[in-house]
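S.K.: As a plain string of letters, each chain reads:
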Amino acid sequence: MTVTNLKLISEREDRFVEGHRLCAGCAEPIIARQVLMATEKPIVVSNATGCFEVSTSNYPFTSWNVPWIHSAFENAAATISGVEAAYNALKRKGKIKEDIRFVTFGGDGATYDIGFQAISGAIERGHHFLYICLNNEAYMNTGIQRSGATSMGASTTTCPAGTCVPGKREFPKDLTKIIIAHDLPYAAQASPHNFKDLIEKAGKGFEANGPAFINVIAPCPRGWRFDSAKTIEISKLAVETCLWPLYEFENGKWQLTGDSRRIAEGGKKQLPITDWLKSQGRFSHLTKEKWAGVVVEIQKNVDKKWGELLKLCKQ
Amino acid sequence: MAIIAMNGDQAIALSWRQIDPDVVAAYPITPQTIIVEQFSEFVADGLVNTEFVCAESEHSALSICIGSAASGARTATATASAGLAFMWEVLYVASAMRLPIVMAVANRALSGPINIHCDHSDSMGARDSGWIQLYGENVQEAYDNSLMAFRIAEHPEVRLPIMTCLDGFIVTHSLERFEPLPDDVVKQFVGEFKYRRSLLDVSKPVSMGPFDGTDYYYEHKYAQVEAMRRTIPVINSVAKDFAKLTGREYQLIEPYKLEDADYAVMAMGSTAGTLKETVDELRAEGKKVGSIKLRLFRPFPSAELMKMLEGLKGVAVMDRAISIGASGPLFPEVRSALYEAKHRPKLSNYIYGLGGRDVRPEELRSVYNDLMSGSGETVNYLGVRA
Amino acid sequence: MPGERSSEMEEGAVIIEPGSSRKYKTGDWRSKRPECDELKCTNCLICWIYCPDNSIIVENGKRVGFKLTHCKGCGICANQCPAKAITMREEGA
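Chains as they are written, first to last, in the numbering used here: chain D, 1 to 315; chain H, 1001 to 1386; chain Y, 2001 to 2093.
In case anyone wonders, no lab produced these hints; they're calculated from the structure. All figures in this text were calculated on a predicted structure; none of them were measured in a lab. Don't take each hint at face value.
[As the list claims (entries may be wrong)] Facing chain H, from chain D, some residues (calculated, C-beta under 8 Å):
| # | residue |
| --- | --- |
| 1 | Leu-6 |
| 2 | Thr-62 |
| 3 | Met-152 |
[Said to hold, decoys possible] With a cut-off of at most 27 Å between alpha-carbon atoms, the simulated DSS-like pairs for lysine-lysine come out as follows:
| # | chain 1 | residue 1 | chain 2 | residue 2 |
| --- | --- | --- | --- | --- |
| 4 | D | Lys-93 | H | Lys-1204 |
| 5 | D | Lys-41 | Y | Lys-2062 |
| 6 | Y | Lys-2067 | Y | Lys-2032 |
[To be verified] So the derived label-pair ranges between C-beta atoms look like this:
| # | chain 1 | residue 1 | chain 2 | residue 2 | range |
| --- | --- | --- | --- | --- | --- |
| 7 | D | Arg-12 | Y | Thr-2087 | 26 to 34 Å |
| 8 | D | Gly-126 | H | Lys-1187 | 40 to 48 Å |
| 9 | D | Arg-12 | H | Arg-1230 | 52 to 60 Å |
| 10 | H | Asp-1183 | D | Arg-92 | 17 to 25 Å |
| 11 | D | Arg-92 | H | Lys-1240 | 32 to 40 Å |
| 12 | D | Arg-92 | H | Gly-1191 | 13 to 21 Å |
| 13 | H | Thr-1214 | Y | Thr-2069 | 41 to 49 Å |
Positions of the beta carbon are idealized from the N, C-alpha and C atoms, including for glycine.
Make the full structure from the sequences, and use the hints.
M.R.: Set out below in structure tokens:
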């Protein structure tokens, strides 16, 4: 069982350090720190182009205290496949003695869209690596443009809310389900507010007998328009509204975790999606009377997907 | 060793079997497919220890090679045409990261229209990427270049990725006699893989592929320029070692009957072979002509080229690729190399063989006739029904 | 820090000093700084797990201070502290 005792973890050396250029209140370093706490084995990290990569490797500064590689935007999963292949080859020859784990960080751009091919291929080939999707629902690094992960109704710079169009018209891809369709050993959805859940999931991912994937909601103060102090609060709201349920797929079995399980079992109430929409400036146009129908559509979709998930988890 | 018969693809696969790289990651594309198919048979029969990764695309294939080479593993791949084009972005990254990846390129035309036959548009399109480029005329050369490529790329003064080019179908699929080296000789010639930094050296964590601002990018690129500058002496010294083993001498540029020639035609790849036939015929008629085979395209051997061509009356540069809106890609580089020569030959360009259009000795003869009669344009299109 | 000339830089633009970003002081980004009422603090370390910038100093399982060289003043620690022990104060106030 992965150690989630904060006091014990705080005694370890930091694998990811301060001095990076991520915005104040960015969820990505919070998530990365938690993931890196999920194993004490030596690790190698690959990182797709994006906020996280650029801000933590601004030459000559690096925030990484572990081996780390970035090569391009759409190929972080392919890059780590190469590292893992080399590890297998060299371990077989007795040239490497350590038991090393491999983890990839990619944003939703790199994972849902441009890098989808690479992650699908890497999973199909069965490389032993953990892929963490830092989902802030847009191509944030290039200026908050919409991605396949952007929420319906969100205003981004390539689907702005205007007088005629209320932001993004499409619902996001359910990438977690698409990845699960590859029938990999482990996949999950997580949120940085529930660090115990995230660290345990990452721990399972690191020890999975094959590829593992965790999709993590990563609220972005800049792109989603909220006060930088509220990042963790908002990630919790994503789960409490059932917009971003916490669940895992482990060796073929689906199960809810954290607040999602409590909501399913009746121990906690599902919050209305309006709470979520009110909390961020990217949805502020939806308070207008003319877009009331959009809010209804969004709630309907949350409920539909939640219902589907409940069935899969046999709740 | 005994002379055997194989096609170019098989010979490349053989060279890989003998070298037994740590990792091969590739995606199939005509006319390179035999390389990966043959090599995967070696894997299936346990003849190599290679971790063979069937990538889901060429962009991923080269990205996998990057991850592998960055992890202290000897890494090889192969591609052609659209596959090389798909890798284009990461070619630059592999070179910038100074990873000694060895890639065989089965020269094939770029789409469109889609065409599976030989021309040099694919590797020419990659000429700015910082990869070393060697071109082989026939199966023997394809095999020999493949062996030397590992030594060249991995040399501590160089450490750049390298592509060894062989003409698609013409060399890749033609059965030719050639003399391979024995397995143990290959192993000794290529040696153990030595790397500078590895991601798997977990006790010495490094960050590879950082973000450069305006204050560092130029210096990092310049370091690649310097590495390329150090490459020619390394290529020559590796060729010298190779000659000691095999008796086969490889130069950067190979002259044929050039000593007292007035006119010469230059080409890369298999056409250099056909040219030798044409030269022999013309010489038999008393014409003072010769030919030049360019083996090394990147780094471009300007100084050596100037020395060799200076004093000739006329040189026709044959390009099996076209930079639409300009000329062939090889031509301006040759012209530039000769700009400061005291006695510059008259230079002309012949675009030929695009999309595998066959070039016959008669057509090559017409190029010599143009040279000798002083006719022809600066840029000519040989063999097209205009 | 690496040399400034091309020939002095590590081959392949590799950064060989892990964690070198510690030398880059992001502390001057902030306009608010965290302050902790020691009497209220229970050393739960919730602030530490949520800090994006490793700026909660923990020794022997106790929160002993804030790393003001790097703290960007996001306010997550104050927002999340279960004991409401942390407040954000305007810089220069």
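S.K.: Now tell me if each hint is right for this structure.
M.R.: Each hint tested on the structure:
This hint is violated: Leu-6(D) has a C-beta 24 Å from the nearest C-beta of chain H, more than the 8 Å allowed. Below 8 Å, beta-carbon pairs count as interface contacts, and Thr-62(D) has one with chain H at about 4 Å; its hint therefore holds. The interface hint given for Met-152(D) is broken, as the beta carbon of that residue sits about 30 Å from the closest beta carbon of chain H, more than 8 Å. For the hint linking Lys-93(D) to Lys-1204(H), the alpha-carbon distance of about 21 Å falls within 27 Å, and the restraint holds.
Between Lys-41(D) and Lys-2062(Y) the CA atoms are separated by roughly 25 Å; this keeps the pair inside 27 Å, and the hint holds. Taken as a hint, the Lys-2067(Y) and Lys-2032(Y) pair is honoured in the structure, with Cα atoms around 13 Å apart against an allowance of 27 Å. Arg-12(D) and Thr-2087(Y) have their C-beta atoms about 29 Å apart, which keeps the hinted 26 to 34 Å range intact. Between Gly-126(D) and Lys-1187(H) the Cβ separation comes to about 31 Å, which falls outside the hinted range of 40 to 48 Å.
Arg-12(D) and Arg-1230(H) have their C-beta atoms about 43 Å apart, which leaves the hinted 52 to 60 Å range violated. For the pair Asp-1183(H) and Arg-92(D), the supplied restraint of 17 to 25 Å holds, since their beta-carbon distance comes to about 20 Å. The hint said 32 to 40 Å for the Cβ distance between Arg-92(D) and Lys-1240(H), and at roughly 35 Å that hint holds. A C-beta distance of roughly 20 Å is found between Arg-92(D) and Gly-1191(H), which places it inside the suggested range of 13 to 21 Å.
A hinted range of 41 to 49 Å is violated for the C-beta pair Thr-1214(H) and Thr-2069(Y), which are about 26 Å apart.
Consistency note: the structure conflicts with the earlier hints numbered 1, 3, 8, 9, 13.
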